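Under full-length UniProt numbering, the first residue of the sequence shown is numbered 1, with each subsequent residue one higher.
No wet-lab data here; the hints were simulated from the structure.
Every value quoted in this text rests on a predicted model; they were computed, and no experiment measured them.
There's no promise every hint is true.
[To be verified] Derived CB-CB ranges, DEER-like: (1) Gln362 <-> Ser207: 29 to 37 Å; (2) Arg135 <-> Asp67: 27 to 35 Å; (3) Phe66 <-> Tyr154: 46 to 54 Å.
[Said to hold, decoys possible] Derived lysine to aspartate or glutamate pairs resembling DMTMM-like cross-links, with alpha carbons at most 25 Å apart: (4) Lys322 <-> Glu335; (5) Lys322 <-> Glu94; (6) Lys136 <-> Asp166; (7) Lys345 <-> Asp65; (8) Lys95 <-> Glu338; (9) Lys129 <-> Glu108; (10) Lys124 <-> Glu169; (11) Lys346 <-> Glu59; (12) Lys197 <-> Glu222; (13) Lys124 <-> Asp167; (14) Lys129 <-> Glu189; (15) Lys124 <-> Asp159; (16) Lys129 <-> Glu22; (17) Lys124 <-> Glu22; (18) Lys322 <-> Glu59; (19) Lys346 <-> Glu108; (20) Lys127 <-> Glu189; (21) Lys127 <-> Glu94; (22) Lys124 <-> Asp166.
Beta carbons are placed, not taken as given, at the ideal position from N, Cα and C, and that holds for glycine.
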Amino acid sequence: MEHFTLPHIKNHKHSKLLSYIEDTPELMVSRKNDHIRICQTEKIESDGTPFAKFRFIPEALPEIDFDEINLEQSFLNNTFSMPVLVTGMTGGIEKGQEINEAIALAAEKYNIPMGLGSQKMMIKDPKFKRLFDVRKIAPKLFVIGNIGAVSLNYGITLDDIQRLVDDLELGAFAIHLNALQECIQPEGERNFFQLLKKIENIAKNLSVPLIVKEVGSGISAETFKKLVSVGVSAVDVGGKGGTSWSAIEGLRADREGQRLGDLFKDWGLTTDDSLLSCSGLKNNLQYNVPLIATGGIRNGLQVAKAVAVGATMVGVGLPLFKAAVSPQAGETPLESVERELSFFKKSLSITMFCAGAQNLSQLSSRIVQEVP
Numbered sequence: 001m002e003h004f005t006l007p008h009i010k011n012h013k014h015s016k017l018l019s020y021i022e023d024t025p026e027l028m029v030s031r032k033n034d035h036i037r038i039c040q041t042e043k044i045e046s047d048g049t050p051f052a053k054f055r056f057i058p059e060a061l062p063e064i065d066f067d068e069i070n071l072e073q074s075f076l077n078n079t080f081s082m083p084v085l086v087t088g089m090t091g092g093i094e095k096g097q098e099i100n101e102a103i104a105l106a107a108e109k110y111n112i113p114m115g116l117g118s119q120k121m122m123i124k125d126p127k128f129k130r131l132f133d134v135r136k137i138a139p140k141l142f143v144i145g146n147i148g149a150v151s152l153n154y155g156i157t158l159d160d161i162q163r164l165v166d167d168l169e170l171g172a173f174a175i176h177l178n179a180l181q182e183c184i185q186p187e188g189e190r191n192f193f194q195l196l197k198k199i200e201n202i203a204k205n206l207s208v209p210l211i212v213k214e215v216g217s218g219i220s221a222e223t224f225k226k227l228v229s230v231g232v233s234a235v236d237v238g239g240k241g242g243t244s245w246s247a248i249e250g251l252r253a254d255r256e257g258q259r260l261g262d263l264f265k266d267w268g269l270t271t272d273d274s275l276l277s278c279s280g281l282k283n284n285l286q287y288n289v290p291l292i293a294t295g296g297i298r299n300g301l302q303v304a305k306a307v308a309v310g311a312t313m314v315g316v317g318l319p320l321f322k323a324a325v326s327p328q329a330g331e332t333p334l335e336s337v338e339r340e341l342s343f344f345k346k347s348l349s350i351t352m353f354c355a356g357a358q359n360l361s362q363l364s365s366r367i368v369q370e371v372p
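Please model the entire structure based on the sequences and the hints provided.
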């Protein structure tokens with residue numbers, strides 16, 4: 001297992017691991033390159049298979065035409081070809097832009113939304129804009145911006161975020177919650193004090209819909225209620241079961257940071273438990289905002305289960321990232337990503353057909369939860 005320790009913090013003791021190190025654009029470039037290498041080469045997924053405790057009741061006589069199955073989903077006043085959303089993982093560096101461009105072209109072709117990786121470095125230095133801009137190659141793509149919520153306590157403002165929206169012609173913006181990642185990350189920012197008020201200000205004043213997302217620890221029902229109460233347009237539960245940012249940051253840290261990353265690799269609510277707890281509140285119109293299920297989704301069967309349990313959209317990240325960085329022999333990165341999206345679409349269609357569901361809204365009546 002290779003580690004990517006930053007030289008300037010290599011000998012820091014634990015007390016300094018949890019101290020503040022100014023996050024400069026240079027550090028961000030180094031970190032993003034580390035993230036790509038680690039995601040390519042290391043096992044960085046938390047344990048468990050999302051939605052394993054759910055199954056569909058098979059319909060031996062579907063009484064529908066497979067070719068007439070409708071995968072379309074409405075989300076944030078747009079209609080997409082299927083309930084799949086590309087979660088933001090990278091951007092801001094040359095390799096990250098190559099990955100994003102392949103994914104963007106495929107996402108535009110399939111008419112699904114795409115998120116960008118954190119754009120904090122673009123705020124700190126506008127020269128990084130070209131390394132996030134996918135609009136020039138995918139003019140019709142619905143693009144979602146991204147920045148960490150904690151950055152709002154370190155100088156980033158509503159005006160900064162609005163400039164990102166304007167400069168990149170974004171259709172929505174996501175603020176991510178990553179308390180655990182910031183604790184393990186050597187240069188992490190850890191002052192989360194009174195962020196809800198700042199999220200509310202952005203939700204009420206930004207020109208595009210605001211999504212708030214977790215990145216692997218899940219969102220509880222209580223946190224979901226808080227976010228909805230301040231006006232966010234959608235919530236991504238971002239549960240345990242997929243990419244573990246704790247593990248990734250542990251591989252970049254000193255020895256003690258590595259131990260912390262391993263210790264908390266499986267911290268959090270699973271994607272399905274988080275989704276269940278939040279979707280159970282949607283019967284109350286006060287909390288009826290779209291939910292996105294992200295975390296360990298690897299095929300269309302899991303997409304169908306997530307939709308049946310209450311998700312409007314389902315986030316997919318690592319499979320598309322890996323398709324872009326490691327295409328099969330004779331494939332371009334774009335062809336590799338398109339093949340992966342085709343697999344998701346076909347497996348979702350087969351699931352719906354064999355469950356007797358002609359459209360997504362019919363899935364919820366076809367699913368049951370296994371009793372342990």
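Here is what the structure says about each hint:
no.	hint	result
1	Gln362 <-> Ser207: 29 to 37 Å	holds, 35 Å
2	Arg135 <-> Asp67: 27 to 35 Å	holds, 33 Å
3	Phe66 <-> Tyr154: 46 to 54 Å	holds, 52 Å
4	Lys322 <-> Glu335	holds, 12 Å
5	Lys322 <-> Glu94	holds, 16 Å
6	Lys136 <-> Asp166	holds, 14 Å
7	Lys345 <-> Asp65	holds, 16 Å
8	Lys95 <-> Glu338	holds, 19 Å
9	Lys129 <-> Glu108	holds, 20 Å
10	Lys124 <-> Glu169	holds, 19 Å
11	Lys346 <-> Glu59	holds, 18 Å
12	Lys197 <-> Glu222	holds, 16 Å
13	Lys124 <-> Asp167	holds, 14 Å
14	Lys129 <-> Glu189	holds, 23 Å
15	Lys124 <-> Asp159	holds, 13 Å
16	Lys129 <-> Glu22	holds, 21 Å
17	Lys124 <-> Glu22	holds, 12 Å
18	Lys322 <-> Glu59	violated, 34 Å
19	Lys346 <-> Glu108	holds, 18 Å
20	Lys127 <-> Glu189	holds, 23 Å
21	Lys127 <-> Glu94	holds, 13 Å
22	Lys124 <-> Asp166	holds, 16 Å
Going down the numbered hints, you'll see the structure goes against just number 18.
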